[in-house]
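Trainee: Listed below are the residues making up each chain.
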Amino acid sequence: MTAQTFGDGVSQIELWHELMQFYINEAWLLDDRKFREWLDLFTDDIFYFMPRRMNVGRHDLSRELSEVGDLAIFEDDKTYMTMRVDRLDTGMAWSEDPPSRTRHIVGNLVIEPLPDGDLKARTAFILYRSHHETDENIFAGSREDHLRKEDGRWRIYKRVIVLDSNVILAKNLSVFF
Amino acid sequence: MAVSNKKYNAIDLETGKLDSRIFSDQDIYQEELEKIFGRTWLMIGHESLVPNLNDFFHTYMGEDPVILTRDDKGKLHAFMNMCRHRGNRIVQADVGNSKNFMCTYHGWTYSNKGDLEYVPGEEEAYYGALERESFHLIEARVDTYAGIVFANWDPGAPSLEEYLGDARWGLDIFFNRLDCGTEAIGPVKWIEPINWKTAVDNCSDNYHVPTTHLSAILVQGKHFGVPRTTHEQQFESPNKHLFINGHSMTLRFLDRPDQARQTHGVNQDNRAVFEEYYRTTLPEAQRRLGSIRAGQLQLGNHSIFPNGVLGFRLAHPRGPLETEFWHFVVLEKGMPDEIKRALRMGNGNFNGVAGLFEQDDMDNWRGVTRSSLTPLARKYSHDLSMGLGRAGSDPRFPGTVAERYTSENNQRNFYRRWEDFMNAEDWADIPIEPGTVEFEGTATMNG
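Listed in order, the protein sequences are those of chains A and B.
Numbering-wise (my numbering), the first sequence opens with residue 1 and increments by one.
Numbering-wise (my numbering), the second sequence opens with residue 1001 and increments by one.
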């Protein structure tokens, strides 16, 4: 592959490989329930957002995703994300006790440079969740992350998750995306 | 209707025993669709969801899909989303703007006032014999309260104002406080494996909060500085539980008029902003609601019969064992952006499908729902005996008032109200409590 490079001379393929490892690691952290370590992949100013996905006509696709200011499925800052993780450690977070069994499959990585050496990374995911005896959910969607280097490693400062669902066919979303 | 003909006796008001079959029986469910969802005023939307001429918002009344339209004159309509030819849906989108709705099966086309305006081949295929005027979309009665749109299929039903009755005295405290009115954002939609009544019943259940939601309470305390309710505060709270005309509400006493309301999203960092807001808006609220409702009370958990849950949130029935839940957040239009953001994030992240609080409810409600699925289990009734005989009138409030904040009085009354509808031939048999309370202030149903 031609050595197309970003600003600091790192080749695109090297960067793609680095980011892919980052996302594979993230998926294992989630599925191994290492949520504290997962939380540490996000900056303190993280904006973690999952808009509602409307079912609209083709001529109305500009309305398909709810905007910031409308009600979202997730609109978390670091405090809310930390509360979600802290909750699990109280021993009384019933929706996750017994915990979900999850499998995050992440792929289709596309990266795009941003000013100041930041990156935009899009991934597609399938999240399988099994809970209690027979509950099963499959969530499919995409994530668009903004990342920057902090202390020599990538951290996410903005994540927008778009589910490929209108009415969510799950009793709750007590798992992370 | 004579009591001796009473068919359903689900709740025993003497003992608090509840027949759990009402949560899972398919025949009972079918009857609910007709006798409850076919008769009551149902919340279907909010004016802010259809702000422009020719906007539409797709909603439900029970299991029936309904199109809420604002026509080209600004008038609201609610139509069954059903072509009068072969019954197909004529709208497939959640929202949009259109003067016409064309059925994609054969092209029958309706105006957003419900008139059948165009039929392909009307002269040739139908020989001009089709009486188009008789194929108006099935239209429900529509009325609004403080921006919330209600609809009703039953021409024999009383007005929305009578249906809400004195419950409006309490609802006004949240929904009708300011001249600017409210807006609804949302909904987040998801399917819960529960009977719809369990979610409504739970609105009156202050008992579950310290157990079901303990994890969320603990982290809210840690990160938001919201203190954990003590045993004494939980069980000896002076706050009141009211039951009025089928509607349930908790009223909480404020320490002072500008006290930040106890709601999701208020924390130690923004509490002062909330208090400033309540201080600034107090004179207007007092003019509209009087000093008691504007400055001494907060509307807490409440439900609007049959399926309104904690404000303008909807539990749409989807068979006895499933409910499609619609989570909205209602904001006062004039709120500063910082407050809107805090309430949006707070209500979005604490309640809703991913809510730190609400995600812990569903498995419990499912357990309640499914507890009657076997012949053995349904022999054992549910117990709603808490606070039996400990409710009555209170000169300060309309309706029936439980002595204690934690009581099952409202749940008992909810199921009694359910029986009112299930055992009635028509609206003539369904009691409506006459309004008795004086509405201090200038606020009306709309304005």
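Be a bit skeptical, because a hint or two may be false.
Selected chain A positions facing chain B (in silico; Cβ < 10 angstroms) [stated by the list, open to error]:
hint: 1; residue: W16
hint: 2; residue: M50
hint: 3; residue: M54
hint: 4; residue: V68
hint: 5; residue: I73
hint: 6; residue: D76
hint: 7; residue: R87
hint: 8; residue: D89
hint: 9; residue: T90
hint: 10; residue: D97
hint: 11; residue: P99
hint: 12; residue: T102
hint: 13; residue: S130
hint: 14; residue: H132
hint: 15; residue: S174
Okay, derived cross-link-like pairs now, DSSO-like style, lysine-lysine, Cα gap no bigger than 30 angstroms in a straight line [stated by the list, open to error]:
hint: 16; chain 1: A; residue 1: K78; chain 2: B; residue 2: K1099
hint: 17; chain 1: A; residue 1: K78; chain 2: B; residue 2: K1222
hint: 18; chain 1: B; residue 1: K1222; chain 2: A; residue 2: K158
hint: 19; chain 1: B; residue 1: K1073; chain 2: A; residue 2: K158
hint: 20; chain 1: A; residue 1: K34; chain 2: A; residue 2: K158
hint: 21; chain 1: B; residue 1: K1222; chain 2: A; residue 2: K34
hint: 22; chain 1: A; residue 1: K158; chain 2: A; residue 2: K120
Calculated directly from the structure, the hints in this document are not laboratory data.
Yeah, the Cβ is synthetic: ideal placement off N, Cα and C, and Gly gets one too.
Trainee: Give a verdict on every hint.
Mentor: Hints versus structure:
Proximity of W16 of chain A to chain B is violated relative to the hint, the smallest CB-CB distance being about 31 angstroms (cut-off 10 angstroms). Evaluation of the M50 of chain A hint against chain B yields a held restraint, the C-beta minimum of about 8 angstroms falling below 10 angstroms. The closest approach between the C-beta of M54 of chain A and any C-beta of chain B is roughly 5 angstroms, which is under the 10 angstroms cut-off, so the hint is satisfied. About 9 angstroms separates the beta-carbon of V68 of chain A from the nearest beta-carbon of chain B, less than 10 angstroms, and the hint is met.
Annotation: I73 of chain A was flagged as interfacial toward chain B, and the flag holds, the nearest CB pair being 5 angstroms apart, inside 10 angstroms. A cut of 10 angstroms between beta carbons decides the hint on D76 of chain A: the least distance to chain B is about 6 angstroms, and the hint holds. The interface hint given for R87 of chain A holds, since its Cβ lies 4 angstroms from the closest Cβ of chain B, which is under the 10 angstroms cut-off. Because the closest C-beta pair between D89 of chain A and chain B is about 9 angstroms apart, less than 10 angstroms, the hint holds.
Because the closest C-beta pair between T90 of chain A and chain B is about 4 angstroms apart, less than 10 angstroms, the hint holds. Look at D97 of chain A: its Cβ gets to within about 9 angstroms of chain B, closer than 10 angstroms, so that hint holds up. Because the closest C-beta pair between P99 of chain A and chain B is about 13 angstroms apart, greater than 10 angstroms, the hint is violated. Interface restraint check for T102 of chain A: the shortest CB-CB distance to chain B comes to about 15 angstroms, outside 10 angstroms, so the restraint is violated.
Interface hint at S130 of chain A: violated, since its Cβ lies 14 angstroms from the closest Cβ of chain B, which is beyond the 10 angstroms cut-off. Here the hint on H132 of chain A is kept, as its CB sits about 7 angstroms from the closest CB of chain B, short of 10 angstroms. The interface hint given for S174 of chain A is met, as the beta carbon of that residue sits about 5 angstroms from the closest beta carbon of chain B, less than 10 angstroms. Using a Cα cut-off of 30 angstroms, the hinted pair K78 of chain A and K1099 of chain B is violated, with the two alpha carbons roughly 45 angstroms apart.
The straight-line distance between the Cα atoms of K78 of chain A and K1222 of chain B is roughly 14 angstroms, inside the 30 angstroms bound, and the hint therefore holds. For the proposed pair K1222 of chain B and K158 of chain A, the alpha carbon gap of about 25 angstroms is at most 30 angstroms, so the pair holds. Restraint check for K1073 of chain B and K158 of chain A: the C-alpha separation of about 43 angstroms exceeds 30 angstroms, so the hint is violated. Only pairs whose Cα atoms come within 30 angstroms are accepted, and K34 of chain A paired with K158 of chain A is accepted, the gap being roughly 21 angstroms.
Proximity of K1222 of chain B to K34 of chain A is assessed by CA-CA distance (about 21 angstroms); at most 30 angstroms being required, the pair is judged to hold. Our distance criterion of 30 angstroms between C-alpha atoms is met by K158 of chain A and K120 of chain A, whose separation comes to about 9 angstroms.
In this structure, the hints that do not hold are numbers 1, 11, 12, 13, 16 and 19, in rising order.
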